[in-house]
Each structure stands twice: as C-alpha cells, then as structure tokens.
Amino acid sequence: MSNPVNQSVYPIYAPIYDRLLGTVMKKARQRSVDLLSLQPGDYLLIPGIGTGLDLAHISAGVQVTGTDISPAMLSEAKR
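For what it's worth, my numbering labels the leading residue of the sequence shown as 358, then goes sequentially.
By construction, these hints were calculated from the structure, which means they are not laboratory data. A quick note: this is a predicted structure, and the numbers were derived from the prediction, not measured. Be a bit skeptical, because a hint or two may be false.
What follows is a set of in silico ranges between Cβ atoms, one per label pair, in the way DEER data are often shown [unchecked claim]: (1) Gln364 to Gly398: 13 to 23 Å; (2) Gln396 to Gln364: 19 to 29 Å; (3) Ala417 to Ser365: 33 to 43 Å; (4) Pro397 to Val366: 34 to 44 Å; (5) Thr422 to Gln364: 22 to 32 Å; (6) Pro397 to Ser365: 34 to 44 Å.
Just so it is clear, CB atoms sit at the ideal spot from N, CA and C, and this is done for glycine as well.
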C-alpha cells in the first residue's frame, strides 16, 4: 500500500467498517451479487474486497478470491 492516506486510515477503519456500513449497504450488496447469477462451481474475483461484507451474500459452492490494498481490511475479511 503506497498511498500514505491508505496506510494511515485503513488500519484504524478496518475494525469498525462493518458496524458503520454493513447495514447501510446490505441491500445494495445483495442486489449486486444477485445480478451475477452465480452458480455452484463458479469462480468470482472481488478486487477491493475490503472486510468481506459481500461474502455473506454469495452462495455456497462459489469459489471466491478477494484482493485489497489494505492488509487490515483483508485480515477482517478472513474472519
């Protein structure tokens, strides 16, 4: 992560991100996943996965790979 703002903000923001935006964006996240029409056996790449809030909306059997510029956000996504 080379951007100094990202380096200083995301480690602080990561632990509280879900509480701040989880409920607000829940319907939009569900709708975006629904539009993909994913089926078991499909592969999905999520660039900028953040804390992994999208993962709760993805059906079992879909193989997901997520990336993010923030190690702190990725750490939250792995939980």
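> In this structure, is the beta-carbon distance linking Gln396 and Gln364 contained in 19 to 29 Å?
Replying inline: With a Cβ separation near 39 Å, Gln396 and Gln364 fall outside 19 to 29 Å, so the hint is violated.
> Do the beta carbons of Ala417 and Ser365 sit within 33 to 43 Å of each other?
Replying inline: holds (37 Å)
> Between Thr422 and Gln364, does the beta-carbon spacing fit 22 to 32 Å?
Replying inline: With a Cβ separation near 24 Å, Thr422 and Gln364 satisfy 22 to 32 Å, so the hint holds.
> If you check the beta carbons of Pro397 and Val366, does the distance land in 34 to 44 Å?
Replying inline: With Cβ atoms ~37 Å apart, the hint holds.
> Is it true that Pro397 and Ser365 lie within 34 to 44 Å of each other by Cβ?
Replying inline: holds (41 Å)
>> Against the range 13 to 23 Å, how does the distance between the Cβ atoms of Gln364 and Gly398 compare: consistent or not?
In response: Violated, since Gln364 and Gly398 (Cβ atoms, about 38 Å apart) do not stay within the stated range.
Violated hints, listed in ascending order, are 1 and 2; each of the other numbered hints is respected by the structure.
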